[in-house]
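When we follow the working numbering, the leftmost residue of the sequence shown carries the number 8, and every step to the right adds one.
Simulated from the structure, these hints should not be mistaken for laboratory data. Each residue gets a CB set at the ideal place from its N, CA and C atoms; glycine is no exception. Honestly, I wouldn't trust all of these hints.
Stated by the list, open to error - DEER-style ranges, computed between Cβ atoms:
no.	residue 1	residue 2	range
1	Trp48	Tyr91	36 to 42 Å
2	Tyr91	Ser135	18 to 24 Å
3	Ala132	Pro9	28 to 34 Å
4	Lys144	Pro92	26 to 32 Å
5	Arg20	Ile148	27 to 33 Å
6	Glu113	Val24	17 to 23 Å
7	Ala138	Asp18	21 to 27 Å
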Amino acid sequence: EPAWQVAFSRDGRYLAVCYGAIEPCVRIWKQQSPFHEDSGWILDATLTGIQTRTIRSIAFAPIRTPLILASASFDGTVAVWEHYPATNGALVTASAKSPSGVDEWECTAQLEGHESEVKCVQWNATGSLLASCGRDKTVWIWECFLP
């Protein structure tokens, strides 16, 4: 299945890839060791079930903790996902498919307003604003209240 876009988290430990021709989803890959760049990557989660058409654009918020990811879909929506890592070795039940079973990604907002496909999302430098643009020739600026 073709990938539309890739995005690294600010710390470089997570890589998000968006898809959509067969199943609209974002796959999150996690670097196995933060201390060795060549340590390999494992699938951390597959974010599905919120957006119903191709996910065209993704962007991590420019904050360190928690990880926040926005995704733009051809269904006209922008989804905002928040990462909840397990602490103290505790097992967390995942909202998104998580093969590792220790992290959780939850859709905390689904933004609607575009009249057709959303083509791109991008955060400002502080993560307080999220911009989206669509095929409807509009740009939306969303005010975000990040933790």
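Hints, verified against the model:
1. Trp48 to Tyr91: 36 to 42 Å: Violated, since Trp48 and Tyr91 (Cβ atoms, about 20 Å apart) do not stay within the stated range.
2. Tyr91 to Ser135: 18 to 24 Å: 21 Å, holds
3. Ala132 to Pro9: 28 to 34 Å: 31 Å, holds
4. Lys144 to Pro92: 26 to 32 Å: Between Lys144 and Pro92, where Cβ atoms are some 39 Å apart, the hint is violated.
5. Arg20 to Ile148: 27 to 33 Å: 29 Å, holds
6. Glu113 to Val24: 17 to 23 Å: Check passed, 19 Å falls within 17 to 23 Å.
7. Ala138 to Asp18: 21 to 27 Å: 23 Å, holds
In terms of the numbered hints stated before, the structure departs from hints 1, 4, listed from lowest to highest.
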